[in-house]
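Colleague: Work out the full structure, taking the sequences as your base and the hints as a guide.
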Amino acid sequence: MSGAHDRHQSMIDQQRMTITELQTPVIQVWKGILALPIVGSLDTARAQEMNEALLEKIVQTESDIVILDITGVPVVDTAVAKHLLETVSAARLLGAEVLIVGLSTRTALTLVQLGLDLSHVTTRTTMARGLELAFDRLGLEVVPKRAAAASEWAGSA
Amino acid sequence: MGRLGVSRVPIVRVEDTLIATVLEDLSDRDALLLQEDLGRLIERTGAAGVLLDLTVVEIVDSFLGRLITDITAASRLLGAETIVVGIQPAVAVTLVELGLEFKGVRTALTPEKGRRLLRQSIAESRTGKYRRG
Amino acid sequence: MEVVGEESIVAARQRAREMVRSLGFGMLDQSRIATAVSELTRNIVRYATDGRGEVVIRDISSDDRGIGIEIVVSDSGPGIEDISLAMRDGFTSGPGLGLGLPGTRRLVDEMEINSALGRGTVVTIRKWRR
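The listed protein sequences derive, respectively, from chains A, B and C.
The first sequence begins at 1474 in this note's numbering and counts up one residue at a time.
The second sequence begins at 2 in this note's numbering and counts up one residue at a time.
The third sequence begins at 3 in this note's numbering and counts up one residue at a time.
Treat the hints with care, since some could be wrong.
Subject to a maximum C-alpha distance of 30 Å in a straight line, what follows is the list of computed DSBU-like cross-link-like pairs (lysine-lysine) [said to hold, decoys possible]: (1) K104/B x K1530/A; (2) K114/B x K1530/A; (3) K1504/A x K1555/A; (4) K1504/A x K1530/A; (5) K114/B x K1555/A; (6) K114/B x K1504/A; (7) K1555/A x K1530/A; (8) K104/B x K1555/A; (9) K104/B x K114/B; (10) K1504/A x K1618/A; (11) K104/B x K1504/A.
To be clear, the hints were calculated from the coordinates, so they are not data collected in a lab.
Modeller: Put into structure tokens, the structure is as follows:
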């Protein structure tokens, strides 16, 4: 009787873990760069799970930069802002730099009005801009192929 | 190169960097001894960098947290840059929840990354690369 | 376990951590509880009479609330004059100031403080596994 219950419970735990992983997917977009798109509201429980998943991934991949995409977060109030700042702080303790992208004008104003210390937070409006900054921080450049081909041509002439 | 210092934290010197590796749960007293050791050794060796390795540390409370901030500040006054490495995820979250600021404390994920950062930092300060104003 | 002097701080937090781990709490909660116990035990060593007190760690798991742990840290020291003041968030402003109670509060699910001047202090903390 208890065997069936245990199996049932562990199945529930497994599903819960899967759901958590799906809700807070941490993606390695490049060597050393992680992206974390947040979709939906961010309560304390979710924020803690997100933190945990992110920090583990930083350790696993030895990443230097984390891009937090909040485009999909509808409301950024004091509570959400505090959670985000906690994520930034924790990731920094692991030596990673955190960029927040997807900031709307409204969110920017809210954050400023809340008077929180944002000095350690770097932001960009879009993921693309965030990536550009991340590459720059890592000393990398994205170069069009045509230029490479042209220089080969010039070399052989 | 052997082991320097009197606290239970082994400190070794590699070129101009002192590497202190915390291997156990430090009592308040041992933590203070570590702080003394580092101060004395920086003075004696003229070290330009300190690497504080917490890779194996699973509990960092407010006392040790503040001590780390103090060590960083004191070392800086003595001319050495400190980098704390290996803070575990659970420790990071706890420190953040405790509200410890760790202002001005530089960190790196691994000793290797930390040493690279220190080398850069030391090289920059030597060539006077920093600008004022 | 009895708190006698500074060595007890490490002993208490290690003991708490083992208990929390054996109950199945994750790494984050292990760190939180161990740190909370460390803070509270240090208060005894610093402020209680003779630096003596007691730490009792208890499994309070139940069917309705799940797996839980309760830690009671008590001493017969001078007591806290103003508990609400001690709980105010000025904790990070410097070494030796305050009892670290607001920070500790954030690490646990429940915290109760019973204290009276001249009558000692009892701090009870509880955490449940989510």
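Colleague: Is K1504/A close enough to K1530/A, meaning Cα to Cα at most 30 Å?
Modeller: 12 Å, holds
Colleague: With a cut-off of 30 Å on the C-alpha distance, tell me whether K104/B and K1530/A pass.
Modeller: 24 Å, holds
Colleague: When you check the alpha-carbon spacing of K1504/A and K1618/A, does it fall within 30 Å?
Modeller: The given pair, whose Cα atoms are some 21 Å apart, holds under the 30 Å limit.
Colleague: Against the 30 Å threshold, does the CA-CA distance of K1555/A and K1530/A hold or violate the hint?
Modeller: Roughly 21 Å between the alpha carbons, so the hint for K1555/A and K1530/A holds.
Colleague: Does K1504/A lie within 30 Å of K114/B when you go C-alpha to C-alpha?
Modeller: 15 Å, holds
Colleague: With the threshold set at 30 Å, check whether the alpha-carbon distance from K114/B to K1555/A stays at or below it.
Modeller: 29 Å, holds
Colleague: For the pair we were handed, K104/B and K1555/A, check the Cα-Cα distance against 30 Å.
Modeller: 17 Å, holds
Colleague: Next pair to validate is K104/B with K114/B; report whether the Cα-Cα distance is within 30 Å.
Modeller: Between K104/B and K114/B the Cα gap is close to 20 Å, so the pair holds against 30 Å.
Colleague: Would you mind confirming whether the straight-line C-alpha gap from K1504/A to K1555/A stays at or under 30 Å?
Modeller: 29 Å, holds
Colleague: Is the Cα-Cα distance between K104/B and K1504/A 30 Å or less?
Modeller: 28 Å, holds
Colleague: Run the distance test for K114/B versus K1530/A: straight-line Cα separation, threshold 30 Å.
Modeller: With Cα atoms ~17 Å apart, K114/B and K1530/A stay inside 30 Å; holds.
Taken one by one, the earlier hints all hold for this structure without exception.
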